[in-house]
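Here is how the chains run, residue by residue.
4 protein chains.
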Amino acid sequence: MQLSRNRIEALTDGVFAVAMTLLVLDIKVPELEPPLATAELPLKLLALWPKFLSYLISFVILGVYWVGHHIQLSFIRRADRPLLWINVLFLLWVALVPFSTALLSEYAKTRIAIAVYGANLIAIGLTLALHWWYATTEARHVDPDIHPHLVRGAMKRTLMAPVIYVIAIALSFVRAEISLILYALVPLLYILPGRIDIHWGARRHDKPIDQDEII
Amino acid sequence: MQLSRNRIEALTDGVFAVAMTLLVLDIKVPELEPPLATAELPLKLLALWPKFLSYLISFVILGVYWVGHHIQLSFIRRADRPLLWINVLFLLWVALVPFSTALLSEYAKTRIAIAVYGANLIAIGLTLALHWWYATTEARHVDPDIHPHLVRGAMKRTLMAPVIYVIAIALSFVRAEISLILYALVPLLYILPGRIDIHWGARRHDKPIDQDEII
Amino acid sequence: MQLSRNRIEALTDGVFAVAMTLLVLDIKVPELEPPLATAELPLKLLALWPKFLSYLISFVILGVYWVGHHIQLSFIRRADRPLLWINVLFLLWVALVPFSTALLSEYAKTRIAIAVYGANLIAIGLTLALHWWYATTEARHVDPDIHPHLVRGAMKRTLMAPVIYVIAIALSFVRAEISLILYALVPLLYILPGRIDIHWGARRHDKPIDQDEII
Amino acid sequence: MQLSRNRIEALTDGVFAVAMTLLVLDIKVPELEPPLATAELPLKLLALWPKFLSYLISFVILGVYWVGHHIQLSFIRRADRPLLWINVLFLLWVALVPFSTALLSEYAKTRIAIAVYGANLIAIGLTLALHWWYATTEARHVDPDIHPHLVRGAMKRTLMAPVIYVIAIALSFVRAEISLILYALVPLLYILPGRIDIHWGARRHDKPIDQDEII
Numbered sequence: 003m004q005l006s007r008n009r010i011e012a013l014t015d016g017v018f019a020v021a022m023t024l025l026v027l028d029i030k031v032p033e034l035e036p037p038l039a040t041a042e043l044p045l046k047l048l049a050l051w052p053k054f055l056s057y058l059i060s061f062v063i064l065g066v067y068w069v070g071h072h073i074q075l076s077f078i079r080r081a082d083r084p085l086l087w088i089n090v091l092f093l094l095w096v097a098l099v100p101f102s103t104a105l106l107s108e109y110a111k112t113r114i115a116i117a118v119y120g121a122n123l124i125a126i127g128l129t130l131a132l133h134w135w136y137a138t139t140e141a142r143h144v145d146p147d148i149h150p151h152l153v154r155g156a157m158k159r160t161l162m163a164p165v166i167y168v169i170a171i172a173l174s175f176v177r178a179e180i181s182l183i184l185y186a187l188v189p190l191l192y193i194l195p196g197r198i199d200i201h202w203g204a205r206r207h208d209k210p211i212d213q214d215e216i217i
Numbered sequence: 003m004q005l006s007r008n009r010i011e012a013l014t015d016g017v018f019a020v021a022m023t024l025l026v027l028d029i030k031v032p033e034l035e036p037p038l039a040t041a042e043l044p045l046k047l048l049a050l051w052p053k054f055l056s057y058l059i060s061f062v063i064l065g066v067y068w069v070g071h072h073i074q075l076s077f078i079r080r081a082d083r084p085l086l087w088i089n090v091l092f093l094l095w096v097a098l099v100p101f102s103t104a105l106l107s108e109y110a111k112t113r114i115a116i117a118v119y120g121a122n123l124i125a126i127g128l129t130l131a132l133h134w135w136y137a138t139t140e141a142r143h144v145d146p147d148i149h150p151h152l153v154r155g156a157m158k159r160t161l162m163a164p165v166i167y168v169i170a171i172a173l174s175f176v177r178a179e180i181s182l183i184l185y186a187l188v189p190l191l192y193i194l195p196g197r198i199d200i201h202w203g204a205r206r207h208d209k210p211i212d213q214d215e216i217i
Numbered sequence: 003m004q005l006s007r008n009r010i011e012a013l014t015d016g017v018f019a020v021a022m023t024l025l026v027l028d029i030k031v032p033e034l035e036p037p038l039a040t041a042e043l044p045l046k047l048l049a050l051w052p053k054f055l056s057y058l059i060s061f062v063i064l065g066v067y068w069v070g071h072h073i074q075l076s077f078i079r080r081a082d083r084p085l086l087w088i089n090v091l092f093l094l095w096v097a098l099v100p101f102s103t104a105l106l107s108e109y110a111k112t113r114i115a116i117a118v119y120g121a122n123l124i125a126i127g128l129t130l131a132l133h134w135w136y137a138t139t140e141a142r143h144v145d146p147d148i149h150p151h152l153v154r155g156a157m158k159r160t161l162m163a164p165v166i167y168v169i170a171i172a173l174s175f176v177r178a179e180i181s182l183i184l185y186a187l188v189p190l191l192y193i194l195p196g197r198i199d200i201h202w203g204a205r206r207h208d209k210p211i212d213q214d215e216i217i
Numbered sequence: 003m004q005l006s007r008n009r010i011e012a013l014t015d016g017v018f019a020v021a022m023t024l025l026v027l028d029i030k031v032p033e034l035e036p037p038l039a040t041a042e043l044p045l046k047l048l049a050l051w052p053k054f055l056s057y058l059i060s061f062v063i064l065g066v067y068w069v070g071h072h073i074q075l076s077f078i079r080r081a082d083r084p085l086l087w088i089n090v091l092f093l094l095w096v097a098l099v100p101f102s103t104a105l106l107s108e109y110a111k112t113r114i115a116i117a118v119y120g121a122n123l124i125a126i127g128l129t130l131a132l133h134w135w136y137a138t139t140e141a142r143h144v145d146p147d148i149h150p151h152l153v154r155g156a157m158k159r160t161l162m163a164p165v166i167y168v169i170a171i172a173l174s175f176v177r178a179e180i181s182l183i184l185y186a187l188v189p190l191l192y193i194l195p196g197r198i199d200i201h202w203g204a205r206r207h208d209k210p211i212d213q214d215e216i217i
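For the protein sequence lines, the chains are A, B, C and D, in the order given.
Here our numbering runs 2 ahead of the position in the first sequence, where the first position is 1.
Here our numbering runs 2 ahead of the position in the second sequence, where the first position is 1.
Here our numbering runs 2 ahead of the position in the third sequence, where the first position is 1.
Here our numbering runs 2 ahead of the position in the fourth sequence, where the first position is 1.
It should be emphasised that the hints constitute simulated quantities derived from the structure, not laboratory data.
If a hint is listed, it holds; no wrong ones were tucked in.
No copy labels: a pair is met if it fits in one copy or bridges any two.
Lysine to any residue pairs mimicking SDA-like chemistry, simulated, CA-CA at most 25 Å apart:
hint: 1; residue 1: K111; residue 2: L38
hint: 2; residue 1: K46; residue 2: I124
hint: 3; residue 1: K111; residue 2: P44
hint: 4; residue 1: K158; residue 2: I148
Let the sequences and hints guide you as you build the complete structure.
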């Protein structure tokens, strides 16, 4: 397949940019009659906090997956038909995030909303894992001398989020708040440098990309 | 015309990315009074399945056409004014897909909605065929030694979908469900490797792009 | 100013892609009660024709200006602060087109709607002319040996549309239909090859870009 | 981190393009009954002036920050994880602008709306300053022989807007109009060439990018 990595990247960057910006459409300006505006607007805005929080979490988690996708692509030399369609499937889930975010922000305490939001993020994560698995199995689309540690480390790091989301959905049967806190914490795992950064830190300047850079 | 292929690709990727992401705006979060949310939300979400299915089908078919367009462009060396405007016409139909998808998901059993959706996809397919015809006739914009098999094979593959959509629209007079199933099956023809893949498989590594890669 | 042409092009392609795709949001799916859908939907869809026509005209005219902008940029070697801000001003008018299109499609017979739509397109055209004037005056940002015929020809071609839009607005005092027909015809002037194409046709292959290619 | 500057630029250009174009969705076409349209539409459109003004100011200020971000990036040689996440944070605030613009245009005289709009722009400005601070401290991601004047000048220029916005919010306790005028004036500081342009003018052609080019 001659479809270049550039093309896939352009579509991916576009879908992520639109999905991230569409999230804001869920935060609606409160409607108030003019005489009440000055008095009631501050409270009405405060009442929007679940919307703002959902926006923040979804925006950042989309950022995490955008980074993860592009770092995977940076290892991939060629593309073929199945890889391309794994990418389209990945974008299909990404473009759903504005819906599941709006659902969660509207029904934050409702189990089904928590499950749908989690399922959407699990689907994104598993598709990204599938993408990595397909590209690296028998070094199908990556450099044959890629270090197996890197391949496995990247896979573990990619699967970390879906595992937590499954736990979060399960814990919603105990208390909805636990799930929501877990959702909020996941991005931190990918943003904050973790143990893996320290472990690989020394070699950082020798190898072009390290295990810890995957997502 | 000096307008580079890059420019056309950038606008195309942008329109596709926006159109694919706007599809989600048709899936609206159900509105329920707080006391009812826990009890009724699951059913309300299940009732959205025609929206989800339409989203899925339209997203994937847009993916098919995005791939098809870019593979065509990868053969094209130059652009002139008519080719550019065929591209704009192609994007005009692509950008209509969120409307016709919303229409179909709202009135899935209604013949006119089935016809409008099909007509939109037929228009995309025929414009893509026109694009290929214009570019390849007398090797206007492609390499003069392009293999005629490839030119014809690509054309057949491009016209396959519009032909099925015409049949699907006709069969809506028998039963709406048949049309919908055909709509859902078309993307599979382009995603799954078919007979053509096997036929060309042996030569794959000799020629840079094969007939089977067109769309 | 080191801000590269690439950056300006990326933002421009993005704004055009979004504006062109947002146009479709103005075409709303008719809302009908289920029992009436089969019977009334065809008529309701036909009643949307002013929306479809506005979509078509605005999409194509945005295509015209997208082409015009990029052909201008292809002559420009450097950018400075004023040129950059002329570009932002150009995009500001472009991004307004979904609004003025929605206004026109809602109030097609009303003089003020015709005037606002025309004024928006005039603003786009004049800003594009200003862009060309600023870049070419004393060969500020173009090759010093650019042919003066090309500079003037491009300017005339760019100003052609605003002049017709002024006439169209004036004629709305006679009959609204005349204005609408003129709006629909303007893109054809830029799509169809005109006298200028024939005039320059012979030299086409000697010079890299001809006067007739501007817009 | 191997994630290239290109990738960051593509996502940034996409988010800016979408955010700038979504601003127009806040300007709604007035709804009037047909018999009244001709008579009342002009007044209804005039009544939209706060929407148009907000659109104008927000579009231009987004332009200012887009320019600022890209000029910063043009100095940056490498990216690492923290820099990447500062970028995502920057985009998170940028994508909020359509919301805070809609809020301000609806409640232009209300202190809380003025404060939210100002806070959003302050957040953008401070994140951009953080971006510059992080990249330039100990020449972490910039050329080690970058001139300290340039580093400090760029920082001052970046912080100028947030300082004015703080003052504007404070002055809303005196009169809302003063805040709004300050909001409208800030972009001019970055568009119009200022004292800094004259000061650095002479050296302009010797150094590739000057202090005055930062934002």
